[in-house]
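From just these sequences and the hints, can you work out the full model?
For the first sequence, numbering that gives the first Met the number 0 gives the first residue as 0, with consecutive numbering after it.
Errors might be hidden in some of the hints.
Unchecked claim - Cross-link-like lysine to aspartate or glutamate pairs, in silico, EDC-like; alpha carbons within 20 Å at most: (1) K643 to E405; (2) K305 to E324; (3) K479 to E151.
Said to hold, decoys possible - What follows is a list of derived Cβ distance ranges for each label pair: (4) E372 to Q235: 20 to 26 Å; (5) K128 to D98: 46 to 52 Å; (6) P296 to I259: 18 to 24 Å; (7) V506 to G483: 47 to 53 Å; (8) T392 to Q278: 44 to 50 Å; (9) T363 to D509: 36 to 42 Å.
Derived from the structure by calculation, the hints contain no laboratory data. For each residue, glycine too, the CB sits at the ideal point set by N, CA and C.
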Amino acid sequence: MIKIELKGGVVKEFEENITPAEIAKSIGMGLYKSVCAALIDGKVCDLRTPITEDTKVQLLTFDDEEGKKAFWHTTSHILAQAVKRLFPSAKFAIGPAIDNGFYYDFDVDTPFSAEDIEKIEAEMKNIVKSGIELERFELEPKKAIELLESMEEPYKVELASEHADKGEPISFYKQAEFTDLCAGPHLMSVSPVKAIKLTNCTGAYWRGDSKNHQLCRVYGISFPKASMLEEYLVMQEEALKRDHNKLGRELELFTTVDYIGQGLPIMLPKGARIIQLLQRFVEDVEQKNGWQLTKTPFMAKSDLYKISGHWGHYQDGMFVLGDEEKDEEVYALRPMTCPFQYQVFLNRGRSYRDLPMRLNETSTLFRNEASGEMHGLIRVRQFTISEGHLMCTPDQLEGEFRHCLELAIYFLKTLGLYEDVSYRFSQWDPDDREKYIGTEEQWDEAQGVMKRILDNLEIPYKIGIGEAAFYGPKLDIQIKNVFGKEDTLITIQVDQMLAERFGMEYVDKDGTKKNPYIIHRTSIGCYERTLALLIEKYAGAFPMWLAPIQVKILPIADRHFEYAEKIKNALEEKGMRVEVDDRSEKIGYKIREAQLTKVPYMIVVGDKDIENNTVSVRERKEGDIGAMSLEDFIARAVEEIETKVIK
RNA sequence: GCUGGAGUAGCUCAGUCGGUAGAGCAGCUGAUUCGUAAUCAGCAGGUCGCGUGUUCAAGUCACGUCUUCAGCUCCA
Numbered sequence: 000m001i002k003i004e005l006k007g008g009v010v011k012e013f014e015e016n017i018t019p020a021e022i023a024k025s026i027g028m029g030l031y032k033s034v035c036a037a038l039i040d041g042k043v044c045d046l047r048t049p050i051t052e053d054t055k056v057q058l059l060t061f062d063d064e065e066g067k068k069a070f071w072h073t074t075s076h077i078l079a080q081a082v083k084r085l086f087p088s089a090k091f092a093i094g095p096a097i098d099n100g101f102y103y104d105f106d107v108d109t110p111f112s113a114e115d116i117e118k119i120e121a122e123m124k125n126i127v128k129s130g131i132e133l134e135r136f137e138l139e140p141k142k143a144i145e146l147l148e149s150m151e152e153p154y155k156v157e158l159a160s161e162h163a164d165k166g167e168p169i170s171f172y173k174q175a176e177f178t179d180l181c182a183g184p185h186l187m188s189v190s191p192v193k194a195i196k197l198t199n200c201t202g203a204y205w206r207g208d209s210k211n212h213q214l215c216r217v218y219g220i221s222f223p224k225a226s227m228l229e230e231y232l233v234m235q236e237e238a239l240k241r242d243h244n245k246l247g248r249e250l251e252l253f254t255t256v257d258y259i260g261q262g263l264p265i266m267l268p269k270g271a272r273i274i275q276l277l278q279r280f281v282e283d284v285e286q287k288n289g290w291q292l293t294k295t296p297f298m299a300k301s302d303l304y305k306i307s308g309h310w311g312h313y314q315d316g317m318f319v320l321g322d323e324e325k326d327e328e329v330y331a332l333r334p335m336t337c338p339f340q341y342q343v344f345l346n347r348g349r350s351y352r353d354l355p356m357r358l359n360e361t362s363t364l365f366r367n368e369a370s371g372e373m374h375g376l377i378r379v380r381q382f383t384i385s386e387g388h389l390m391c392t393p394d395q396l397e398g399e400f401r402h403c404l405e406l407a408i409y410f411l412k413t414l415g416l417y418e419d420v421s422y423r424f425s426q427w428d429p430d431d432r433e434k435y436i437g438t439e440e441q442w443d444e445a446q447g448v449m450k451r452i453l454d455n456l457e458i459p460y461k462i463g464i465g466e467a468a469f470y471g472p473k474l475d476i477q478i479k480n481v482f483g484k485e486d487t488l489i490t491i492q493v494d495q496m497l498a499e500r501f502g503m504e505y506v507d508k509d510g511t512k513k514n515p516y517i518i519h520r521t522s523i524g525c526y527e528r529t530l531a532l533l534i535e536k537y538a539g540a541f542p543m544w545l546a547p548i549q550v551k552i553l554p555i556a557d558r559h560f561e562y563a564e565k566i567k568n569a570l571e572e573k574g575m576r577v578e579v580d581d582r583s584e585k586i587g588y589k590i591r592e593a594q595l596t597k598v599p600y601m602i603v604v605g606d607k608d609i610e611n612n613t614v615s616v617r618e619r620k621e622g623d624i625g626a627m628s629l630e631d632f633i634a635r636a637v638e639e640i641e642t643k644v645i646k
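So this is what it looks like as structure tokens:
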């Protein structure tokens, strides 16, 4: 007998080799039916894992993150089984659970059509109805590879071969006629997968490498209850209504023009206003925090980029003007500000007394992104970033890094995005040396310094191998858009290579010359992308301090225009952005239109207001909040603007 | 760049088998002067993304190209 500690510290005795599935059954059939996986001594395990010693077991259901993953992973096997039945020649690659569902990659002659997907989904539902039990078995690596070869699954053979060296047995899962190489964990049977929806079918490269063959990836999601799927689909639909690319155009913040080109949005007056407000705010705060503004050129001769390494490592991403073969001088638009801002440091000899030197710039950059990569305002070819470079001594590095991070967090909090971000420590990939400059020792040192800083600051980060810049590791502050796709909003990077390349030195206290550490950082990221995320965050209803129009005055009849103008002037005197709707329309119509533009405040004025010397205020979310004196409204509005309150 | 969608009025969309393009909203004009989410009537609006081809005839078929959406790769 062994002792197993269950939920709530309850300890029960079981026969040796009992499995989590059997434990669940012993507690109740309801739990047995809903259990998806188990944590044994804190490790995620399959329900069929025999337990051999006293330990802690936590049973995971669909409500647990890892339970969901097992549920979705099993659904991906059902998908594969259905595909095998309908398209016997399909070859199978991988089919994991992801944050929001699952996918499976297939090698097929022609990608699945919408009709194919419908048929596959119908077959999946048949499989679920049949209630097939899943069986797990293990084979020695050699036998495993033989089996996969006999199944004519070249991708699976490749995967199994990589595991073979470890000498561990390789696990498979079998459900009726379908067997798949898989580490698990999985459900006991297909039955609990009551609601399935295949959501998308796209191309995806084998092993994520664009040099490899492109496979057909089918995405889907599943739930134990039909109502949960419905709820999910409604939520998705709601989320897509916030899509900045749609809303931003509807609210007349930006547009694009075919013959201008991809990734080159036109900021319309309202969008340009918001960006202007953000820029002024950022530049002012940076100035207060000891940053010195610079203005550097948008382009340079190729010579500059050869020193920085961009020419060798980033040329595909640059807009190059001229041809090295033919022209005496070749220029390129800048993809990054670094080598330009370094010239400020290099302007004269520097000593430790000049450090830290914090240089910021509202910097327009140009990157020749591949045509399929552009997306609304999130991924564009010309963008303006709150860029900055900070030169410091080794003992200033941690404090200055903290300063940069705190500044970024201050901006995130002010904009209301702080709760939505996650951190990624982006490191180099030692197996992909061509992508990076510097030696292994330099990378180890830079990453070691950065790790120490992050750990000291207790930043909860994920590690991203191969995500570093070509010159150094980064702390990327990540955010997801309405589609769940993650992008970098803010980045803070430690660089000890470019200073050497550019001959940047300072004279230290002891009279010796040293290369400074450089921190590359942005405080709020690039304005286009940040605006995109703000549109999605607020569904276009911006905090008042950022609203392009803050107050809309709605006179009830033409005879109230004069009073409306008077109020407008009073508000404008306080620096507010105000419009009067002086069309001969009914008040309901004017309110509807004002609401649709998401203006924070509407002021309705009519006979009563003139008589009582008041304004009738309507807030965009609360609705009519009644009549008040103009002074009271101004006090309320000014307070909201100055404190940058987010409603 | 790759895979798969899409492109018809400013916007949302309809357009059957290839037979000279249609609605709602927005716009303009007029009437209405109204108290918290759509007043009524009229008018105007289109080289069907662009190009080439097939055809007596192309929004519709074929090819090319541009833009755009999702995903992959890439990335602030």
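Hints, one by one, checked against the model:
Between the alpha carbons of K643 and E405 the distance comes to roughly 18 Å, so the proposed pair stays at or under 20 Å and holds. At most 20 Å may separate the alpha-carbon atoms for a hinted pair to count; K305 and E324 meet this at roughly 16 Å. Under the criterion of a C-alpha separation no larger than 20 Å, the hint pairing K479 with E151 is inconsistent with the structure, at around 39 Å. Distance hint for E372 and Q235: a CB-CB separation of about 23 Å, consistent with the stated range 20 to 26 Å.
Checked against the given bound of 46 to 52 Å, the beta carbons of K128 and D98, roughly 28 Å apart, lie outside it. Between P296 and I259 the beta carbons are some 23 Å apart, a value that agrees with the proposed interval 18 to 24 Å. Remark: the range hint 47 to 53 Å for V506 to G483 is upheld by a beta-carbon distance near 51 Å. Against the hinted window of 44 to 50 Å, the Cβ-Cβ separation of T392 and Q278 comes to about 31 Å, which falls outside the hint.
Range check, T363 to D509: about 41 Å between beta-carbon atoms, so the 36 to 42 Å window is met.
Going through the hint list in order, the structure does not satisfy hints 3, 5 and 8.
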